[in-house]
Amino acid sequence: MTRETRTTVRMEVLLFGPQAALAKVRALSIEVVPGETTCADALRELGEACEFLRDSLPASRLAVNHALVDADVVLRGDEALALIGMVGGG
Amino acid sequence: MTRETRTTVRMEVLLFGPQAALAKVRALSIEVVPGETTCADALRELGEACEFLRDSLPASRLAVNHALVDADVVLRGDEALALIGMVGGG
Amino acid sequence: MSAGISVRLVEGPVNGDVVDAPRGAGAALVFEGRVRPNEGGRLLEALGYEAYSPMTERQLEQLAAAVLEEHGLIGLHVDHSVGRVPIGAMSFRLVVHSAHRKSGLAAMDAFIDRMKRDVALWKVPVYADVSASHGVGKGAAGGG
Amino acid sequence: MSAGISVRLVEGPVNGDVVDAPRGAGAALVFEGRVRPNEGGRLLEALGYEAYSPMTERQLEQLAAAVLEEHGLIGLHVDHSVGRVPIGAMSFRLVVHSAHRKSGLAAMDAFIDRMKRDVALWKVPVYADVSASHGVGKGAAGGG
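Chains as they are written, first to last, in the working numbering: chain E, 2 to 91; chain Z, 2 to 91; chain G, 284 to 427; chain X, 284 to 427.
Hints should not be assumed to be uniformly reliable.
With a straight-line Cα cutoff of 27 Å, these simulated DSS-like cross-link-like pairs (lysine-lysine) come out [unchecked claim]: (1) G:Lys-399 to Z:Lys-25; (2) G:Lys-385 to G:Lys-399; (3) X:Lys-399 to G:Lys-385; (4) X:Lys-385 to E:Lys-25; (5) G:Lys-399 to X:Lys-385; (6) G:Lys-385 to X:Lys-385; (7) X:Lys-385 to X:Lys-399.
Don't read these hints as lab results, they were simulated from the structure.
Take these sequences, add in the hints, and give me the full structure.
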């Protein structure tokens, strides 16, 4: 068994609309390993941080610095994050 | 050979838009046998009265007293007639 | 009138306010048709519209009622020009009020298709490169 | 601006004049979305709209440019509410200018479908039968 020391940071993920209502908060904090945690990992973390979000996560995406990115994009740890799901303008 | 005496009347058919432009008149007069001449007959008469209308007659209909009627409707001889073809509002 | 149906033939360009949406209409759609500067490559000065009253109004009312019913609309309002409409000016306006967008869009498309195909309305180009209209006698466009 | 693209997020209901149609636009289509009195059988008092600036505006601009290009439009103009919009008030307006009607109608449908599916805009019902909004903290709807 080896023991690794990994730097982790906590990142805020903004929530909006029905997802903010479900979670009853406007932002959730998740643990991220810079250079390692992907957006898919971050979405999973959100589900663990708040069970009420789990149903809507499969149809949600993460916005990184105000742009939708693919699930395999790796986080640096200093980005602006937001959960984009259950949208519906008009 | 028998010889029939049939009453004929002349009826005016109003023309509009491109068909009036083709015919260069706003109305054409056709010969109608009351109780006998059908709308289909009347359209044929129009084609004989003005060759420039012939191409557009297959896609045209006759309005009798301001309503579109079927080709087999028989004219009484006192109706208001209009040629409804080449329409295009908007 | 805000709900239901209205049909107006207007001498010259269409103008004036759009009918207000009644309560419950989630979607208000307005289509405005304007005379374009050219037709078939030739420069236009105007379009001349002709109608055949009262047949044209009756047809528009019947079509409006049919489309309202078929698409479950709340309101359908038509204004159409008769006579000369210069390029850039409005010759036709259709307002559709519906609970939802999809039915409103479909109704608008259906109404215009059927109007262009069936209703006693005609348009005659007035070209910019001839001094007079093509002319078939003056006045009395549309027999009333 | 009369030709091209414009995107505006407006605090509260959308109002103000519709962008004029540029010359050459034979068809001007306006879609107005209004808050309906009920949602899922429950009486509404208002809808609360949230956006995530500047992402929302960027997405709307990109979508407008894509739809303009795909449908060969002359202009596409979007106004969308942020914040509280009472029932009966306008929350969304889309204006499409095109040479022809069919492309304008198709573009309008495509834009709204894609906006509802992809763009960072959210709506939260404010029901008439509860005194306060369902509440997740006050103010700062939409993070800017």
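- Item | Violated constraints from the hint list, given by number and in increasing order | 4
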